[in-house]
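Asker: Could you build all of it, start to finish, from the sequences and the hints given here?
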Amino acid sequence: MRANPAAIPANPGTTPKWVNWLTMFLLIGNTANPFFYESIEMLAISFIILLGCWFLKEEEDTRLNGYFWIYLVVLTILQASQTLVYHVFPIKTFLGEYLRIIFAVLAIRILGRNFFDYFVRFVYVFAVISLFFYVPCVLIKPLAHFLIDHVAKYTQCPFHRAATGELYEAPYNMIIFNLGQITFNRNSGFYWEPGTHGGFLCLALFINLFYRKERLTSRFNVIFIITILTTLSTTTYLALFFVIIAYLKNFMIRRPVISLFMLIFVGIIGFLAFTRLDFLSSKIDEQIAKRGSRKTGESRFSSLNADIRSLEEHPFVGTGRNVEMRFGKNFYNADLRELHRNNGIGVLLSTYGVFFFFFFFYLNWRSFYLLLGSRVDAWLLLTLVLIIAFSEDYFFKAFFISLALYCGITMVSTTQDIKLVRSRKMQLGKNTLKYE
Numbered sequence: 001m002r003a004n005p006a007a008i009p010a011n012p013g014t015t016p017k018w019v020n021w022l023t024m025f026l027l028i029g030n031t032a033n034p035f036f037y038e039s040i041e042m043l044a045i046s047f048i049i050l051l052g053c054w055f056l057k058e059e060e061d062t063r064l065n066g067y068f069w070i071y072l073v074v075l076t077i078l079q080a081s082q083t084l085v086y087h088v089f090p091i092k093t094f095l096g097e098y099l100r101i102i103f104a105v106l107a108i109r110i111l112g113r114n115f116f117d118y119f120v121r122f123v124y125v126f127a128v129i130s131l132f133f134y135v136p137c138v139l140i141k142p143l144a145h146f147l148i149d150h151v152a153k154y155t156q157c158p159f160h161r162a163a164t165g166e167l168y169e170a171p172y173n174m175i176i177f178n179l180g181q182i183t184f185n186r187n188s189g190f191y192w193e194p195g196t197h198g199g200f201l202c203l204a205l206f207i208n209l210f211y212r213k214e215r216l217t218s219r220f221n222v223i224f225i226i227t228i229l230t231t232l233s234t235t236t237y238l239a240l241f242f243v244i245i246a247y248l249k250n251f252m253i254r255r256p257v258i259s260l261f262m263l264i265f266v267g268i269i270g271f272l273a274f275t276r277l278d279f280l281s282s283k284i285d286e287q288i289a290k291r292g293s294r295k296t297g298e299s300r301f302s303s304l305n306a307d308i309r310s311l312e313e314h315p316f317v318g319t320g321r322n323v324e325m326r327f328g329k330n331f332y333n334a335d336l337r338e339l340h341r342n343n344g345i346g347v348l349l350s351t352y353g354v355f356f357f358f359f360f361f362y363l364n365w366r367s368f369y370l371l372l373g374s375r376v377d378a379w380l381l382l383t384l385v386l387i388i389a390f391s392e393d394y395f396f397k398a399f400f401i402s403l404a405l406y407c408g409i410t411m412v413s414t415t416q417d418i419k420l421v422r423s424r425k426m427q428l429g430k431n432t433l434k435y436e
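Under this note's numbering, the first residue of the sequence shown is numbered 1, with each subsequent residue one higher.
In case anyone wonders, no lab produced these hints; they're calculated from the structure.
It cannot be assumed that every hint is accurate.
As the list claims (entries may be wrong) - Below 20 Å or equal to it, Euclidean Cα-Cα: the simulated SDA-like pairs (lysine to any residue) are:
hint	residue 1	residue 2
1	LYS249	ARG215
2	LYS17	VAL125
3	LYS397	PHE94
4	LYS141	VAL151
5	LYS213	TYR369
6	LYS17	LEU56
7	LYS397	LEU75
Claimed, not checked - Here are the simulated distance ranges between beta carbons:
hint	residue 1	residue 2	range
8	GLY373	PHE316	29 to 37 Å
9	PHE132	PRO16	25 to 33 Å
10	LEU229	VAL125	17 to 25 Å
11	LEU51	PRO136	34 to 42 Å
12	ARG375	PHE146	47 to 55 Å
Values in this document were obtained by computation on a predicted structure and should not be read as measured data.
Cβ atoms here follow ideal geometry from the backbone N, Cα and C, with glycine treated the same way.
Answerer: In structure tokens form, the structure reads like this:
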């Protein structure tokens, strides 16, 4: 019989565990950790390390398929079109983009079917680490300043992106824990800010519920939810609410009366939280009020508006990733707060145009369907990605490229026939799956 990819458990394989952990650390580090992600040099160094891990991988159980090559062709055509339109050939920007793609693909091929299992475990481990630092720093106020002054200054990235000035400097980052916004009692964890931390936590929670099939009250999920609450992130709270409703959808369909009362109760609690907590109601009102601001970094809505205005000029080609393409040759005279974009949906839409926007999310959906084996659950996960991306520029980072290209990597063993055979090692007469 032919196997459903989502029904086949992760294969422990023979690759050393430390190689898998290092691969996921470098992948997420170069996606969301200030020590790594702002430097093309760190990406190159990480790639060399990842290449070494690839040679340590003992079995060849993955191969590239048509989705990957189509993605590469579409991207190359778009970049060539942008060069013709803007008369700029930013070779470093283009090479950086392809390096991230190769980096993401290499990580998938090293981890194979274990990719999402290690992702969930990684987020869990660093959620625990974040709580280990967060709770004492909140309870003992001088501790955060001590760590910034005496620890974080030794864990700064040796490379910096010159064009960003001080906007992206992270003097409070200790690599395993980011002390940014700790003075506001917000938990940034391993990531560049609390909202990003929350986004990864919500993704891990969803995958743990729908792919690994753990209960909402399992140890992993309880830690995820507790850590999400410490981020004090508006978008993350909305995403958490969505994940819980998605998880309870089958229960609500089977028990509509009980579910109606539950939804009313949750709605009342949500309304009270929205009106009483400043970082929910006041922050959203403030973001909407600034939707027309030229300082696009101050509001996700103003960032989206700016990206849509850019899209109107070249709806199919986009503005490209290069700063000179996007803002003209005099970009260095502009206020960095006017150049900054923090709405991931708008950034993707304006960068590569409408066609690539829908193509990119189609690949994401294909990946999620391959992972979960359910069209409905794949749509739910895609919706979650769109929710968390409203507040963060995710989609040109290595991990989120890997989500799109997961469907472009064929797990060789999943295409083989599976027969039920009796294992000689089983003492109780149970069957086990064997590839033949």
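Asker: Assess, step by step, whether the Cα of LYS397 is no farther than 20 Å from the Cα of LEU75, and give holds or violated.
Answerer: holds (15 Å)
Asker: How does the Cβ-Cβ distance of ARG375 and PHE146 compare with 47 to 55 Å: does it lie in that range?
Answerer: holds (52 Å)
Asker: Are the Cα atoms of LYS249 and ARG215 separated by 20 Å or less?
Answerer: holds (14 Å)
Asker: Is the hinted pair LYS397 and PHE94 satisfied, with a Cα-Cα distance of at most 20 Å?
Answerer: holds (14 Å)
Asker: Range first: 17 to 25 Å. Now tell me if the beta carbons of LEU229 and VAL125 are that far apart.
Answerer: Once the Cβ atoms are compared, 19 Å apart, the range 17 to 25 Å for VAL125 and LEU229 holds.
Asker: Has the given pair, LYS17 with LEU56, been kept, meaning a C-alpha gap of at most 20 Å?
Answerer: holds (11 Å)
Asker: Is the gap between the beta carbons of LEU51 and PRO136 within 34 to 42 Å?
Answerer: holds (39 Å)
Asker: With respect to the beta-carbon atoms only, verify the hint that GLY373 and PHE316 lie 29 to 37 Å apart.
Answerer: holds (34 Å)
Asker: Taking only the CA atoms, is the gap from LYS17 to VAL125 under or equal to 20 Å?
Answerer: Holds, because 15 Å separates the two Cα atoms, which is no more than 20 Å.
Asker: Starting from LYS141, check that the Cα of VAL151 is at most 20 Å away, please.
Answerer: holds (16 Å)
Asker: Kindly confirm whether 25 to 33 Å is satisfied by the beta carbon distance between PHE132 and PRO16.
Answerer: holds (26 Å)
Asker: What's the verdict on LYS213 and TYR369, does the C-alpha distance respect the 20 Å limit or exceed it?
Answerer: holds (15 Å)
Comparing the model with each earlier hint shows no violations; every hint is respected.
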